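Engineer: Each protein sequence line maps, in turn, to chains E, L and U.
Counting in our numbering, the first sequence runs from 1 upward without gaps.
Counting in our numbering, the second sequence runs from 342 upward without gaps.
Counting in our numbering, the third sequence runs from 684 upward without gaps.
Read the hints as simulated data drawn from the structure, not as lab findings.
Keep in mind that a hint or two might mislead.
[What the hints assert, rightly or not] Cut-off 16 Å, straight-line C-alpha distance, at most; resulting in silico cross-link-like pairs (EDC-like, lysine to aspartate or glutamate):
| # | chain 1 | residue 1 | chain 2 | residue 2 |
| --- | --- | --- | --- | --- |
| 1 | E | LYS66 | L | GLU574 |
| 2 | E | LYS163 | L | ASP673 |
| 3 | L | LYS404 | L | GLU425 |
| 4 | E | LYS12 | E | ASP90 |
| 5 | E | LYS66 | E | GLU78 |
| 6 | L | LYS356 | U | ASP811 |
| 7 | E | LYS105 | E | GLU141 |
| 8 | L | LYS404 | L | GLU414 |
| 9 | E | LYS164 | L | ASP673 |
| 10 | E | LYS186 | E | ASP213 |
| 11 | U | LYS703 | U | GLU968 |
| 12 | L | LYS417 | L | GLU394 |
The structure presented is a predicted model; accordingly, all values stated were derived computationally and were not measured.
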Amino acid sequence: MSDEVRTGKNFKPKLELRNLRMEYLVREGSIKAVSGVTLFVDEGKITAIVGESGSGKTSLVETFLKILPRNARIRGGEALLRLSSGEEVDLIKADERTMRRLRGKVIGYIPQGAQNSLNPVLTVEQHFIETLRNHGLWKPESSMSEIHSMLSLVRLDPDTVLKKYPFELSGGMKQRVVIALTMILKPELVILDEPTSALDVFSQRVLLNILNDVSMKYRNTMILITHDIPVVAELADRLAVLYAGTVVEVGNTYEIFKEPLHPYTSMLISAIPSVADIYVKRIPKPVPGEPPSLLNPPPGCKFHPRCPYAVEKCRTSEPPLYEPKKERFVKCWLYSGGEKL
Amino acid sequence: MDLKALFPFGKILGKRLVYALITIMIASTVTFIAIRSMPGDVLYTLAASLAEELRIPFEEARKIVYSIYYGIEIEKPIYVQYFEYVLGLLRGNLGYSTYFKRPVTYVVARALGWTVFTLSIGVSLSFVIGVLAGMVAGFKRGSKSDFIMSSTFTVISAIPGYAIALFLYIILSARLGLLPARGAYSPDVEPGFNLRFIADVLYHAALPILTYVVTTFSGWALLIRSNVAKILEEDFLKYAEARGISRRRIITTYVGRNSILPLIPLLALRIGGMIGGSTLIETIFAYPGMGYYLSIALSIRDYGLLQGIFFMMTVATIIGVIIVDMVTPFIDPRVRREVAVA
Amino acid sequence: MSSGAQTKSGLYLFYLDFVKPVLRSGRGLFGLIMIAIMILMATVGPSLIPLDTKLKPSMRWCLPSLEHPLGCDYMGRDLLSMVVHGSREVFLIPFIATIIGIIGGMSVGLFAGYVGGVARRALTAVTDVWLTIPSFPVIFILAYVLPKSPLTIAVLLALFSWPGLARALAAEVSSLKTRDFVEACINLGLSKLYILFREIGPHLLPFVTYNFATLFVANMSSLIGIVLLGVAPLNPTNWGYLLNQMIFTYKGLLIPNGSVIVFLMISILVVIKLGVVFFAQALEEVFNPRLRTYE
Ligand SMILES: Nc1ncnc2c1ncn2[C@@H]1O[C@H](COP(=O)(O)OP(=O)(O)OP(=O)(O)O)[C@@H](O)[C@H]1O
Ligand code: SF4
Ligand SMILES: [Mg+2]
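Build out the structure end to end from the sequences listed, making use of the hints.
Structural biologist: This is how it looks when you write it as structure tokens:
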């Protein structure tokens, strides 16, 4: 099926991941943290990637940014990035020089644990200046005011924050500095890894509002990584569900919430506390069973040991990504009647 | 004007001065014990010759010897003796050398410079070399070359300083005759600010300096290596890469500064050990610094010299530590802020 | 029967977890052999190898041979026999010093870490001062003037062996105190002292072991150093004294053969020191698997 049919217009995704695979080498063997991820990230939209802790969300991003730990090995696949200039780059094949040009400037990445993401010996101001300088964007006349307005956008007072060192800022403030620092380069694609997980409820709220403002203002493409599904519901246009290093379901957020197709997705959604749950202080039951070992993942569909619908086929062969409905993709044998991607 | 703004180091300096005072008390207790437990014959010889020369009773001569040579008023109660003795040391009355027949300050004045000269060059060189070597190993952590480098550092840092001094002496001086191992300069050069003299001084200082460098650089290298390995896994490094920060800047400002900073307080702690360790090294190379005179003082039982030299070693250590302390806030923003708040 | 089988499997597990990894790492094995040699030297060595006291002018500074594996000294005496006889003092005094230092450092460190607050700050202040004193001259001077006995020298060495350990332990204990398992113990109503020794103790064991080894070799170097500089030894075969005589009295470094013998002599010291350090590192890796290298 062609892209034109799929999206209805002549519109190509900002980022196309095809069958991306990566593993970590450890003494016991190899951890297949990314095992055949196929995902399209649409231009100008917010795509959320959700999955349990350890499902490989961070690993996936670090794979196509190629900032992996030393024991990681990319085992194949492609990651096609379409720049606004019209240039197309396969990140997996690109050399380190190209990557350095793209990182920050074209793809902004806000890593998990932004609390520790600033250099302890530099002031906030020095962080901004070095970042702009490194991309040849530092203009003595105008850059400072740009930095001021960016900090205001993330609701920080530039005059007090700029001269501070990271250890003088609270966790939430550091997080916002990191967002401003990433946005100052006006990246075409922004990736946020668990932006809310380390924050208290109030700071989470503020942060979500800030993210909303930022995405309204810059209209850049965003990838939002989280295991916090309510956050997704609020912000994301599209949703990708990651399980054991593969994408099991992709689609419009609203539609997935309304009618999850993959058995894992529906269990995940029914595990979200509802208003009634909160009212009677009931904790809904989490997805039963253990997450699979990525060291020795189960054969066939990786979800089969936990899946109530599993059949013999599920235990032996891995399902492909089907498109049972328009714009809905699901990796499950239950939909084998539908169209294959 | 706000005093703190003028002099932000007040609190650090105050703390250090208290520490310094305690250190000096401990050091002077050591020398006090040494002098009070001096063997009788040493004292007897001195007192007897004095009594004969001045034609005074022996007991009186003994008092004078204690007072002039060591700054101890022997007839007073012991705590008064001690107190006045410490005050005397602090006022610069370091005692009298029986061998040189001069106040110890005379010997100290000639010896201190050589020790400070060789040690400061040795410490700076070893720090720089250690940091560079440790960075290389740290960046290559887990590789074969890292294994070879780290093993070499471990082996070298397990060798005592005097053993390294002896190894270097045997190879470079005794066997190959490349470097001199006696004195601070040749007797035939004219001391002064001329090229020949400076070259000669460096030539003579080469073995002690080389010993300090070889003895200590590997310790720094091992520390830096483990710091670098830790920092390379830090979130802020990943974010710097994700932001497209250049490799060069990552190496200097991210890995470099953050791995070196924790070593600065250690540098302060090691000064004492290095000054103390110079005793053996200067003796082996017959290099006329304080350590050399300290061992001479013991071998000829010159207790005045012994007390004066040891006291100066302690003072030199304290000054070294204070210098490191004063410089730290300029290098480490965290300390700078702490100081400013205090 | 069954209990026998259990102890056997327990022993076997101990072998698998602790002995085998040490033996398998080259450094660990080397260290173990060195330590075995040290123990043999200091215990049965002197009775196996008689002390050679005969002066043989023809054998002055003779190079190593089958008859004299380490060569001869300035008087033609067999060096090996003297090294073996000197080893007792050279190993025993630092050993005692290290035990005293470790006990002192542990008590102070555990106490300060456990009580926290003022006690820890006081400890930091005291150790700050202590660590800035030029320790070598102090040991050197006091060993020279005080009445000579193995215990005096051991105590002097111990005087400077405790602060590093005390400080590190205090830091370790205060961080352990906040861990879950300790809090669980407190909730179980166990007494604080009981927790300190029974629960925190095992966590600190590897740390203390490693410190023991490094302190021991440092004290050994200091002991040999002060004797080398002229502090009278208790035993004329003390390695420091042998070196002192060879270097300063008989100017061995200026004699080609003499420098070879001195070289050999310090190499023995270095190899032994390395053995202990390597053994400690291998042990630390066993205790602390995080240090094992991946990939
Ligand atoms: N450097 C590494 N070496 C070995 N295994 C690793 C490494 N980094 C991550 N892993 C493993 O890879 C798997 C995926 O980790 P990843 O951090 O990508 O998960 P995640 O979805 O981001 O989880 P979280 O929500 O906790 O951030 C996990 O099982 C993790 O233990
Ligand atoms: S493929 Fe089979 S096991 Fe996997 S989710 Fe679908 S039904 Fe369940
Ligand atoms: Mg993650």
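Engineer: Now, for every hint given, state plainly whether the structure supports it.
Structural biologist: Checked hints:
For the suggested pair LYS66(E) and GLU574(L), the alpha carbons sit about 15 Å apart, so the restraint of at most 16 Å is met. Of the supplied pair hints, the one linking LYS163(E) and ASP673(L) holds, its CA atoms being roughly 15 Å apart against a limit of 16 Å. For the hint pairing LYS404(L) with GLU425(L), the CA-to-CA distance comes to about 15 Å; that is within 16 Å, so the pair holds. For the proposed pair LYS12(E) and ASP90(E), the alpha carbon gap of about 15 Å is at most 16 Å, so the pair holds.
A hinted pair counts as satisfied when its Cα atoms are at most 16 Å apart, and LYS66(E) with GLU78(E) qualifies at roughly 12 Å. Distance restraint check for LYS356(L) and ASP811(U): the Cα-Cα separation of roughly 11 Å lies within the 16 Å cut-off, and the hinted pair is therefore satisfied. Restraint check for LYS105(E) and GLU141(E): not satisfied, since their Cα atoms lie roughly 21 Å apart, outside the 16 Å limit. Between LYS404(L) and GLU414(L) the CA atoms are separated by roughly 7 Å; this keeps the pair inside 16 Å, and the hint holds.
For the given pair, LYS164(E) sits about 14 Å from ASP673(L) by alpha-carbon distance, which is consistent with the 16 Å threshold. Between LYS186(E) and ASP213(E), the direct Cα distance comes to roughly 14 Å. Compliance with the 16 Å bound is thereby established for this hinted pair. Distance check on the hinted pair: LYS703(U) and GLU968(U) sit about 12 Å apart at the alpha-carbon level, within 16 Å; holds. For the given pair, LYS417(L) sits about 25 Å from GLU394(L) by alpha-carbon distance, which is inconsistent with the 16 Å threshold.
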